[in-house]
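Trainee: Following the hints, position chain B against chain A.
Those protein sequences? They're chains A and B, same order as listed. Going by the working numbering, the first sequence opens with residue 1, and the numbers climb by one from there. Going by the working numbering, the second sequence opens with residue 1, and the numbers climb by one from there.
Be a bit skeptical, because a hint or two may be false.
Unchecked claim - No farther apart than 30 Å at their CA atoms in a straight line, the calculated lysine-lysine pairs in the DSSO-like style are these:
| # | chain 1 | residue 1 | chain 2 | residue 2 |
| --- | --- | --- | --- | --- |
| 1 | B | 12 | B | 46 |
| 2 | B | 46 | A | 104 |
| 3 | A | 104 | B | 34 |
| 4 | A | 154 | B | 132 |
| 5 | B | 131 | A | 152 |
Simulated from the structure, these hints should not be mistaken for lab results.
Given next are the chains, with one letter for each unit.
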Amino acid sequence: MGILQELAKVFFKIGLFGFGGGYAIIALIRHLVVEETKWLTNLQFIDVVAISQVTPGPLALNAATFIGYKMGGILGSLVATFSSVLAPFILVYLASYFVHNIGKEKVDLYLSFLSPLTFALIMSGTYSILKDSISDPFSILLFFISLFLGYKAKWSLTRILLVSGIIGEILYLFFK
Amino acid sequence: MKLTDLFFIFLKIGWLTLGGGYVMIPLFLEEIVKRRNYMDEEEFIKTLTLAQLFPGPIAFNLAVSVGYKLGKIKGAIISALAVVIPSFVSILVIAIFFLNFQKLKIVQGFFYGLRPAIASAMVLAVFEIFKKRKWNTLRFLSFLFLSLILIVFKINPIYIIIPSLIVIILWVYFKN
Chain A
1 MGILQELAKV FFKIGLFGFG GGYAIIALIR HLVVEETKWL TNLQFIDVVA
51 ISQVTPGPLA LNAATFIGYK MGGILGSLVA TFSSVLAPFI LVYLASYFVH
101 NIGKEKVDLY LSFLSPLTFA LIMSGTYSIL KDSISDPFSI LLFFISLFLG
151 YKAKWSLTRI LLVSGIIGEI LYLFFK
Chain B
1 MKLTDLFFIF LKIGWLTLGG GYVMIPLFLE EIVKRRNYMD EEEFIKTLTL
51 AQLFPGPIAF NLAVSVGYKL GKIKGAIISA LAVVIPSFVS ILVIAIFFLN
101 FQKLKIVQGF FYGLRPAIAS AMVLAVFEIF KKRKWNTLRF LSFLFLSLIL
151 IVFKINPIYI IIPSLIVIIL WVYFKN
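Chain A extracted, bound-state conformation (with noise of 0.2 Å):
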């Protein structure tokens, strides 16, 4: 299989699982890219996660463009992309033509019931990102400052993302 079918598959499969949003989609995205396709490192894939973190749009966009960009050019981001969102077009699409009223109850029931999975999903992708972050007594340094300043001092993940990344350079820098 090209490569181009082979972004289209694993791409649309992340759109059709694509379930509970923001950091639910973690493992799933990472069980495909790194473990199965090896399109990324371990590493990479929190690289891109964290890139996700500071511009537009959400991981799975995110994810979609810049491995379909890696792994084959315009054409392959363009491809990864429009693929990671044809499977929400097409059910929202058809949903928004054939569904008129809609039980709040039975959503907010639905909805409910549907926690459990994607906390599991938050769990297990934090967990993958906890373990392949921290890696030497550096790393947990920055792991704990990051901790406090999101906890304690209530910052921003930008700003975070900011400090953490400058303190990191300047122990990489002379350390390293």
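Mentor: Here is chain B on its own, set in the frame of chain A:
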């Protein structure tokens, strides 16, 4: 209302949704309901509910369902396109730079610092979820069970997502 208006509104929303997720819902509300009166708030909530039911980025799904409401198939396609373009363009530019310069020590150092910060943000998200959500025994046990399968056996998350969805949908459907 013209389709070009719809295009530029969603292009703007697309640019402003850093990181994606539910933070952009107020933006939709502001642009579509408050400023332009394209639909009333009740109708917007209905549209949002529908968008939440399906896989895919919430901003994208919402753009498709609002676009459909306002301009049928053309509205849906134009809104979908507009909301994706900012993400696509910015990631494409970053991917071109990143893939060319990732071997440089200065780039590696910065990302070395970013990774633990991303891990800390995810750990914080997990904390938040545990604090906020109402857990009951069944929900907690299913969460624990699903997390363990995902983390220990490293199976493809799709094999967890499909059976969970079937159970959830049947349950919601047959309840009362």
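Trainee: Which hint numbers does the structure go against, in order from smallest to largest?
Mentor: none
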